Amino acid sequence: MKTVNQKAWFFVLPVLALVAFNALIPLMTVVNYSVQETFGDNLFFWQGLDWFEQLLRSDRFHAALGRQFLFTGMILAIEVPLGIAIALAMPRKGFWVPVFLVIMALPMLIPWNVIGAMWNIFTLPGIGLLGYLMNETLGIPYNMTQDPVAAWITVVVMDVWHWTSLVVLLCYAGLVSIPDAYYQAARIDGASSWKVFRYIQLPKMRTVLTIAILLRFMDSFNIYTEPFVLTGGGPGNSTTLLSIDLVKIALGQFDLGPAAAMSLIYFAITLLVSWLFYTLMTREQAK
Amino acid sequence: MRRRYLIPLIYSLFLLLPIYWLVAMSFKTTNEILGGFSLFPQTFTWANYITIFTDPTWYWGYINSIIYVSLNTVISVVAALPAAYAFSRYRFLGDKHLFFWLLTNRMAPAAVFALPFFQLYSAVGLFDTTIAVALAHTLFNIPLAVWILEGFMSGVPKELDETAYVDGYSFPRFFVKIFLPTIKAGVGVTAFFCFMFSWVELLLAKSLTAVDAKPIAATMTKTASSAGYELGLLAAAGTLTIIPGAIVIYFVRNYIAKGFALGRV
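Heads up: the sequence lines are chains A and B, in that order. Here the first sequence stands for residues 117 to 403, where the numbers follow this note's numbering. Here the second sequence stands for residues 83 to 347, where the numbers follow this note's numbering.
Keep in mind the hints are simulated off the structure, nothing from the lab. Being a predicted model, the structure only gives us computed values, none of them experimental. Some hints here could point you the wrong way.
Between beta-carbon pairs, the in silico distance windows are [to be verified]: (1) B/121 to A/178: 41 to 49 Å; (2) A/298 to B/206: 53 to 61 Å; (3) B/252 to A/322: 38 to 46 Å; (4) B/236 to A/297: 46 to 54 Å; (5) B/173 to A/166: 43 to 51 Å; (6) A/352 to B/135: 38 to 46 Å; (7) B/112 to A/298: 51 to 59 Å; (8) B/139 to A/192: 33 to 41 Å.
All residues carry an ideal CB built from backbone N, CA and C; glycine is no exception.
Put together the whole structure using the sequences plus the hints.
Here it is as structure tokens:
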């Protein structure tokens, strides 16, 4: 279908130059740090693969990685079905459709630290609306700065609040592209609403849904600012996700070697999972 | 049919609740906030907003943010256009690998790059400038822009290109006069996403700036820690960061439903 044309490389050059400048040089810096030890003053010593070995055995890293997978798993398990359900429930036309869409897009355009600050203000016991409702009106003790479970629930609810709309909007875009004739045919055949969903709506949403899941995976796996501003990784280390831990090591303790090794392993995991998604997705398209 | 509105309505209320609380807070005095619970501001005040609009460290934060976000959007879209065209129309050596490599940069955790970025941009003398932030944000915005634009361009039949060449159009003229207008919705959606991800990102923007180019989000974190805990001021600054996003959504409202499919339906 597509013609072979090696000159197309010239079209790609500007993008290549910009991204290479931003990606390759910093990545090489990280690789460089990951095999060295430093005591400041720009003195570096060869360390080999020690940092990697230490890290892969360290309980702290395992714990952070475990929390990261738990978090990403939880938000995907909530946001994807919820997003599909809301997209299906949306009216197809009418005055309120653009209003709903604008409201739904709004949380995604708020800077991430503002999201954290906003949820902090929202959940403060005695001051925040949610904190007041839970503690005073419903009588449920709720303080996410002291209770790890409450902190976890708050971080997950915040992400659901923040990003479910992405799934809704992508799925909705897939749904509105289904011609009415499909539904009429289904009605004549007497198909149940489950069958309509399974054989008409879901296939039409498949591509956009894969994009949604891929984006949600990548972004939730790299999440830093929102939980950092909301909980600071606490109480204790209970909400210290991978990025938060990484920044603590790199900029807090200035342990460049271990932080760099951790960066590379972190990046490798993200790449591996995303590559799996990407291959599955392109295979579906090729069919 | 009225039931159809119930679920989106409840969801919208859930989305608006924390935003309402932020806005309500911004009109309260610090005493009222710390004094007790009130659903609506009792002593309505503009003081928090006046502070922001009269203090240069505050309002320059907004100006800096808007400058680098706009710069980034323009750079990302302009650079991505020819690349996306190449990916959607031609096969060339290493095209698939290149496409995936570009996407991998969208996956890179910003935390990984924060420190090396600081060193890189200091080395080239761009540290603490808006252009540094704009260039740094292309790391994740260019791959996204190429990805979205490629989707829209692949939806345009190849016959359009061929007919134009038969009619004697040169490539640049065809691209600007015929092809760009055809995919203008795609360009709009791409610009929207670039704006969005550059506007909301903080970690890189913060690491690459100190004083002169400090983004509003960083000014907020500084205030939160240094000035005690001025919740009202923080809420007002937060409320103001929602406005540019709301304006941008208003402009693309007609494209939201279809455009979010990124041309891939």
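* List in ascending order the numbers of the hints, as given earlier, that are violated by the structure. => Violated hint (a single one): 4; every other hint is consistent with the structure.
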